[in-house]
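Undergrad: In my numbering, the protein residues as written are 2 to 132.
It is possible that part of the hints are untrue.
To be verified - Computed Cβ-Cβ distance ranges for the label pairs, DEER-style:
1) Ile47 / Ala87: 21 to 27 Å
2) Asp12 / Lys132: 29 to 35 Å
3) Leu63 / Asp18: 14 to 20 Å
Hints listed in this document are in silico derivations from the structure and should not be mistaken for laboratory results. We put the CB at the ideal spot given by N, CA and C, even for glycine.
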Amino acid sequence: MTTNASIELKDLRLRTDIGTYQPGDTVPDAHLLDLALWIDTGLVLIEADGMAHVFDYDPLILEIDRLARDCHYETQERLISRIAQACSAHSEIIAMEINLRKSPVHNGSGSLGVKLHLDATALNQLRASNK
Numbered sequence: 002m003t004t005n006a007s008i009e010l011k012d013l014r015l016r017t018d019i020g021t022y023q024p025g026d027t028v029p030d031a032h033l034l035d036l037a038l039w040i041d042t043g044l045v046l047i048e049a050d051g052m053a054h055v056f057d058y059d060p061l062i063l064e065i066d067r068l069a070r071d072c073h074y075e076t077q078e079r080l081i082s083r084i085a086q087a088c089s090a091h092s093e094i095i096a097m098e099i100n101l102r103k104s105p106v107h108n109g110s111g112s113l114g115v116k117l118h119l120d121a122t123a124l125n126q127l128r129a130s131n132k
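Construct the complete structure from the given sequences, taking the supplied hints into account.
TA: As structure tokens, then:
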């Protein structure tokens, strides 16, 4: 039997400044983050209650918030790249999927997003390139 465990964050509104817009362009009023982090099942199927037995995601969320507010970004892709690097610093994470979307996109509606999925091999390659 195969088991998987993940931590999922949905619809986190980031305070960020992304893109360059001309007069008349639709300027997004929201950038929302979905994040799925696959972790060892031993960090979810625990025998005793306590933070020492689980992955503490709160520091990572604070780092993502800091990165979002850190500077002006031309692209969503750059912020996603920085979020992936921040996640890669946590050895408990074995794979991840990041989805960042903005809205509205046109005529006051729609959302447009960029999604990145890193399996274990790709995540390990990212970790090696960060050293």
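Undergrad: Name the hints, by number, that the structure is in violation of.
TA: none
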